[in-house]
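**Q** Residues per chain, in single letters:
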Amino acid sequence: MNPEIAGRQFQIRPANFSDTPLLRILIERSVRLLQRNDYTPAQIEGALGHALGLDTQLIQDGTYFAAIPISQPERIVGCGGWSFRKTLYGSDHGPHREAGLLDPATEPAKIRAIFVDPDWARKGLGTLILKHCEEAARQAGFRSLEMGSTLTGVPLYSLKGYERRETVAIPLPNGEFLPIVHMVKNIDN
Amino acid sequence: MTIERSLTARDLDFLPAADLVREIGEAKISPLEYIEHLFARIERLDPRIHAFTHLLREESLHSARLAAAALQSGRIFGPLHGIPVAIKDNIDVAGAPTTCQSRILAGRPVASHDAEVVARLREAGAIVIGKLALEEFAIGDQPPDSPWPATRNPWDLDRTPGGSSCGAGAAVAAGLVPIAVGTDTGGSIRNPAAQCGVVGLKPAYGYLPLAGIFPVAKSLDHAGVVTRTVGDNMLALRVLTGQPIRPQAQDIGGVRVGLVKHFYTSDFPSTPEVQAALEAAVETLRELGAVVVETNLAALQVFRECGWTILKAEAYAVHKHWLRERPEEYGAAARRLLLGGASVDANDYREAQRMRVRLRANLATAMEDIDILLTAVTPAPACQLNDPDAMEKSSDGSLRIPFNVTGNPALALPIGFTAAGLPLSMQLVGRPGEESTVYRVALAYEAATGWHQRRPECAAHNEPRP
Chain A
1 MNPEIAGRQF QIRPANFSDT PLLRILIERS VRLLQRNDYT PAQIEGALGH ALGLDTQLIQ
61 DGTYFAAIPI SQPERIVGCG GWSFRKTLYG SDHGPHREAG LLDPATEPAK IRAIFVDPDW
121 ARKGLGTLIL KHCEEAARQA GFRSLEMGST LTGVPLYSLK GYERRETVAI PLPNGEFLPI
181 VHMVKNIDN
Chain B
1 MTIERSLTAR DLDFLPAADL VREIGEAKIS PLEYIEHLFA RIERLDPRIH AFTHLLREES
61 LHSARLAAAA LQSGRIFGPL HGIPVAIKDN IDVAGAPTTC QSRILAGRPV ASHDAEVVAR
121 LREAGAIVIG KLALEEFAIG DQPPDSPWPA TRNPWDLDRT PGGSSCGAGA AVAAGLVPIA
181 VGTDTGGSIR NPAAQCGVVG LKPAYGYLPL AGIFPVAKSL DHAGVVTRTV GDNMLALRVL
241 TGQPIRPQAQ DIGGVRVGLV KHFYTSDFPS TPEVQAALEA AVETLRELGA VVVETNLAAL
301 QVFRECGWTI LKAEAYAVHK HWLRERPEEY GAAARRLLLG GASVDANDYR EAQRMRVRLR
361 ANLATAMEDI DILLTAVTPA PACQLNDPDA MEKSSDGSLR IPFNVTGNPA LALPIGFTAA
421 GLPLSMQLVG RPGEESTVYR VALAYEAATG WHQRRPECAA HNEPRP
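Chains as they are written, first to last, in my numbering: chain A, 1 to 189; chain B, 1 to 466.
Rather than coming from a laboratory, the hints here were simulated on the basis of the structure.
It cannot be assumed that every hint is accurate.
[To be verified] Here chain A is said to cover these stretches of chain B; the calculated rule only asks that three of the stretch's residues, wherever they fall, bring their Cβ under 8 angstroms from a Cβ of chain A:
hint	segment
1	61-67
2	199-208
3	237-247
4	403-411
5	420-434
[Claimed, not checked] Simulated restraints, written as ranges between beta carbons of each label pair:
hint	chain 1	residue 1	chain 2	residue 2	range
6	B	G253	A	R32	38 to 44 angstroms
7	A	L33	B	R358	38 to 44 angstroms
8	A	T152	B	A280	54 to 60 angstroms
9	B	E26	A	R122	40 to 46 angstroms
All figures in this text were calculated on a predicted structure; none of them were measured in a lab.
Just so you know, even glycine gets a beta-carbon here, dropped at the ideal spot from N, CA and C.
Just chain A, same shape as in the assembly (with noise of 0.2 angstroms):
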């Protein structure tokens, strides 16, 4: 769907401490149904709340916003955020937590945790929270932009401009591993 009517159908605003709780809950959602052709179950359950899931560091540097669809104003049914900070990927649990700030000249802003909910999938949600993160990080000063992608988001964010770079297999507290495709793009325009 075009972004433009996306963006008549859902308000983005930042998300607060009080939505957590369903903030978890969508992004649990989302992983099983959505990330299950690209993830085994294990990966999955290792995942979930380490490499994948909520980071509140962004909801307290205000850079993770909540999507909600004006016609059910009570539901959150996407999320996604940017950040000033050096973790690229994670939750609050996560690997390689680094709470230092990037130079926005310098380094790239980091793109972070976009979840969908399965029931709201393929009508242009994502799209939608990807570019109001990149606009977000772009008013900040940020030149380029980097993330740890799931496989499953590789061919969404490919298809906004984000060069594949190595994939990572990140080890999970199961003793599983995760792959995880670091991607980067340039906004500097």
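Mind docking chain B on chain A? Use the hints.
**A** Coordinates of chain B only, in the frame set by chain A:
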């Protein structure tokens, strides 16, 4: 349909929009009669206040007739059915000119589309009655040689209403419209709200769409709402966002308030009356159960340097073509401020954006254990329009721009009056996405104090004294 006699015309002058919604829904007030009532007030009062730049009288009356007819057949267009609103004149309203109150835009065709915020209000049933005055391009002033007369503060017509959304503050305070939409890049909603004794909210950055709004500085620009009551402000924001914004509780017991005292005592010292009013407001919040602690942020000068560097650079990029081709058509203040952006080089801008990241991170840390920040909106009450030094200090956005830099929601709320009867205000700042917490504190304070019930003498129902 006629106005039920239990409500007099005098009652209508300052009736909150939330009450109007109910009265219209219950057919106690006709949208048509209410709009006619407002236009009569505008005709009587605005020649002295100059809050409006353009009135949409015929269109409004037509819309009000449609709203009245719909009600008679049992239909409601939306949560603002028949409620009049007015829009700052840097925001597109289809069929009206967008002048930004600058000669630069004179002669341009009327806007063909509504800005997104205007479209959302109309979809909710609101009726746009006119465009509101602003300082040139929301960055300059209202120069004496401008085709538009200077807007005046309803509390004292010789004083500034504050800017840049001066028409919004003045029109709402004078009871000419219950809801106004403005913009805020360095405090342009909160300043006139404070100087005019009304409620002005700038929600979080990016919450309200900016499509159809003439930019000042894109990374700092916010749209927002000016109203007479906190409840009306919340109602308008609900409509504009489509979100069920509601405070988590009616009381504020245990709410943690961070008092940013150094902003208004040492960084940018405010007048004794402003400081005393803030102390009294803090005491009231404590009595209501809030836990107030002093919170230190970065010095105001750091926020100011960062914000102004970004603002000037981004605004210059918008205007550089006109500054080169038609500089004489700007007022002196707008030209001086905009040209200031020419001397901001790429390194300055990059350094300011680096600083902005640090300031955002520092504020996030400072608010880890704080629900809301409290500080001053302005260093002084409204000054005389003919006092250039005081006017320059009045337009200094140092106390407000920190929250454009960080993007947090920020609200100006009346906290009393000076001995001379001029409004005083405090600024409440929420964590990102927590407009509802800001409203929670503001509602409790407003209910406990009732400052919003005072009216400017010039806007009294009876004819003003000559």
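**Q** When the structure is checked against the list of hints, which entries are broken? Sort them ascending.
**A** 1
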